Amino acid sequence: MVFSELTFLYAFLPLNLLIYFLAKDIRTKNTVLLVFSLLFYAWGEPVYLLLLVGMALVNWYIALNIGRAQRRGRKTSAKRWMVSACVANLGSIGIFKYTGFLLGNLQAITGFPETVPSIMLPIGISFYTFQMLSYVVDVYRQDVAPQRSFRNLLLYVSLFHQCIAGPIVRYSHVAEEIMHRKVMWKDVSEGITRFTVGLAKKAVLANHCSYLADQLIGTVDNVSANASVAAMWLGMIAYTFHIYLDFSAYSDMAIGMGRMVGFHYLENFNYPYIAQSVTDFWRRWHISLSTFFRDYVYIPMGGNRRGFARQIFNMFVVWFLTGLWHGASWNFVLWGLYFFVFLVIEKKWLLGLFEKAPKVLRHLYLLLVVVFGWVLFRMETFADILTVIGGMFGLNGNAFIDSETQMLLMNNVLFFILAAVACTPFVKKIGAKLERRIGVSNVAYTMYAVVQIVAPVVLLLLSTAMLVGDSYNPFIYFQF
Amino acid sequence: MANVKKTTVRRTVRVRVLQVALYFLVFFLMSTASLMIPLRPNYSEMEGRALEEFPAISLKALATGSYFDDINTWFADTFPGRDMWMELSEGVKDCYGFSPSSMEVHGEIEDSDVIPTDLTTRAQETKVTFVTAPAPSVGTVSTTPPVGSEGGTSPPSPGARPAGQDNAQAQSFGAILTIGDSGFEYYNFVESVADDYTDVINSAGEQLKGIADVYDMVVPTSMDICLDEERREGLNTANQKDAINYIYSNLNENVHIVDLYDSLATAHKNGEYLYFRTDHHWTAWGAYRSYEQMCAVMGRVPTSPDHYTLQEFSGYLGSFYRETQLDAMRNNPDIVQAFVPNSTNTMEVTWTDGSVSDYSIITDVTEWSELYKYNAFIGGDNPLSVVENPNKTDGSACVLIKESFGNAFAPFLVEDYQTVYIIDYRYYGNVFDTTLKDFVVEHDVEDVIFLNNVSATRNGSLVANMAELVG
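If you're matching them up, the sequences are chains A and B in order. Just so you know, we're using this note's numbering here: the first sequence kicks off at 354 and counts up by one. Just so you know, we're using this note's numbering here: the second sequence kicks off at 296 and counts up by one.
Quick caveat, the hints were computed from the structure, so don't treat them as lab data. Values in this document were obtained by computation on a predicted structure and should not be read as measured data. Built from N, CA and C at the ideal position, the CB exists for glycine as well. Just so you know, not all the hints are guaranteed correct.
Said to hold, decoys possible - Here are the computed lysine-lysine pairs in the BS3-like style, where the Cα-Cα straight-line distance is at most 27 Å: (1) 700(A) to 712(A); (2) 535(A) to 504(B); (3) 539(A) to 388(B).
Claimed, not checked - Selected chain B positions facing chain A (in silico; Cβ < 8 Å): (4) 590; (5) 592; (6) 593; (7) 595; (8) 596.
Said to hold, decoys possible - Here are some of the chain B residues that sit facing chain A, going by a computed Cβ distance under 7 Å: (9) 299; (10) 329; (11) 332; (12) 544.
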């Protein structure tokens, strides 16, 4: 199940909230959350639920043993348990996510094996495996005590807010809240606002951006070789909006739903498209993933403490893995390494230069790097990557602009502006400004009250309309 | 200062409480409504289709999770008030920008193959350069008696919709260009499918050599006929004239080709109402102009429209409207004109479920839903319909092999043959397994007429259906 499914919005979530709020004590509330989370996972992947629960069991058991070994001062034993957890987690993600990729490459080189097995990717495995890894490593580092109750650990791992699409919540951040959390009006109110903003970002903005990108440059499986230069650029811009609005919308909804029941998850995005350098961008984009790689790969490998050459190597490893984490395909690796190159260039030369460069120029540079990065991300074959990049530079022999692109731009010009504004903190800043003045100005108070009270309902209904409208897919089915 | 702080806190709390209360009120009301099964629609008037049904449970569907996907689809598809929500979503999308010259594209345009133009063109044997019938004018008042009074089945109830259409095959529509109140279907040339199509027609010609004459008519759509070339310049739609020429050039001498493009283009220039604006079909006038061309190739004199009784049904909103929901179309619907044959208005129809009954050739659809007025012609798409002309005893017979463009065309054959067989090749195989040759021999048919709109020649599944019939 995904959050933008009407089944989730109007059947799963209301039932979950209703029963949750009716439950008296925290134990019952946690049971409610757990049962719903397992149901949520099973809704799309009934078989792989066993994998999720099994992996949680393995990690729970190992973490308990690490704790026991450490209490008894057996460092080697603790380390051995920790290594076995890494093997189990990386092994499971390796088998289920990367077998096809590895064997496919092997086959391309050696001709063996004859058939590459196709293994269906268990939904959310990339996210929940990293959560469990961080849990075991944190226990090993004695940053957090092992969770004695399997139910509680399973709740942390499977919690439907973040289990399948992040943010990658660290156990240490929510350990306390699993058994001790209080819900205030403020939490529910801010949770509602956050959730509905995320919902609308997904249902109203991201879905239409994706539609526009498909219209302009073709679908992922069927890239249009005939697209004009303008269509390629506009299509990639639409995709650039889509990927941020879509991904951050899921995080918004997760954070919002967490708040409604008293969980405080860390922010996952901080308006990445307003960044002024690639370095800055990666501090704002998918924060829970980049901090994961920083804390569990980069720093343990020595970070920047072992000389420049080693630092570059460490960065290379991190960005190779970051790319590979996004999908078992070379284009994702390329995408990761692409950023590695820019980060190294910035570290060595550019950031110093940038101090004198005008803001606009720095921002434009960042946006260009990001847009071309998304070309690598979206197109799965090198041929398609070349088609799009060639098309953007007018090398495909197509017109600069065609009638359809002109039409589409005019038909969506206000939408593009809206999508761009939604990528900036503009609305949030105005809201904060109003909020600061509600004690002194009646006008500000009225405006604030109206927006705050009405906006979530309007966004909910608007999103419903768009989701119903999208379920109607007129161009797929038709009777001649 | 302390006062300001107090006010701020008091006001913040008040806003928060009100916000949470209102949100949960609406949220839970919506949820309750969406869980009320009886509130869920099972048919969408707006889209003219049956909505998803609750999926049947099976162990396999459960294990793979497809059962849950189907529930999600059902839940969204039959959402209470879906037509209202869809109108809202269309309304919102209208605010996304401007449409100068009211042009919009709906749907996804597919890439086209390059049409080979270096061909040895086959010219049509004879061409009509004169116009035999008076040019029709839109909106003439009809004073004819109601059709369907001659036999046929009982008249449909008000707002009725055609039976047996819900299980119709799904086909890809591609994209639609709209200019103001008119829609135009994009056409992309697919060489391999076009070649498969000519193979099928050639095979029919081969098999029926010495048994019957085979005619092929590929109908261009309004995109090319009604939009002049300057307007089409820069649009990503393939040139249909080139495509049809390519197809015809690959047909061998066993097949008589009927070139419709130029005569339709001329008739359009003369201001004739050949294609609907809100629907992808042609009008009876478009069909009549093509009938004239066919007669020229056959070497016979076309029956004048005077031999028919003109019937008009106003307020038609067709497939383009259904897909785009444009106000401009709603405010200016099409008029369906139908020619009722004077000899007979009755035919024997084999329906998609295999049952057989009499039905009107032209049905009075005045009271029918605005979306179904094209079903005035031959009761829509059916596996087989047979018309017997009581005024003819010469034993002449033809078979028309068509998709829905043929519906407006079929009535013009009635006066010319003693028996007209109408086969919709998409549904024929559901009920019959006789191949075309056996059918022709069995019924002593002399003319076999393929009438296909150009979009059918880019659709692999349709051509596969045709190939099945030809065998």
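Cross-check of the supplied hints:
1. 700(A) to 712(A): With a Cα-Cα distance of about 18 Å, the restraint between residue 700(A) and residue 712(A) holds, given a limit of 27 Å.
2. 535(A) to 504(B): violated (86 Å)
3. 539(A) to 388(B): Distance ~34 Å between residue 539(A) and residue 388(B) Cα, so the pair is violated.
4. 590: Nearest chain A Cβ about 26 Å off; hint violated.
5. 592: violated (25 Å)
6. 593: Violated - the Cβ of residue 593(B) stays beyond 8 Å from chain A, reaching only about 26 Å at its closest.
7. 595: Given a least distance of 29 Å, the restraint on residue 595(B) is violated.
8. 596: violated (32 Å)
9. 299: OK, holds: residue 299(B) within 7 Å of chain A, min 4 Å.
10. 329: holds (4 Å)
11. 332: violated (12 Å)
12. 544: violated (24 Å)
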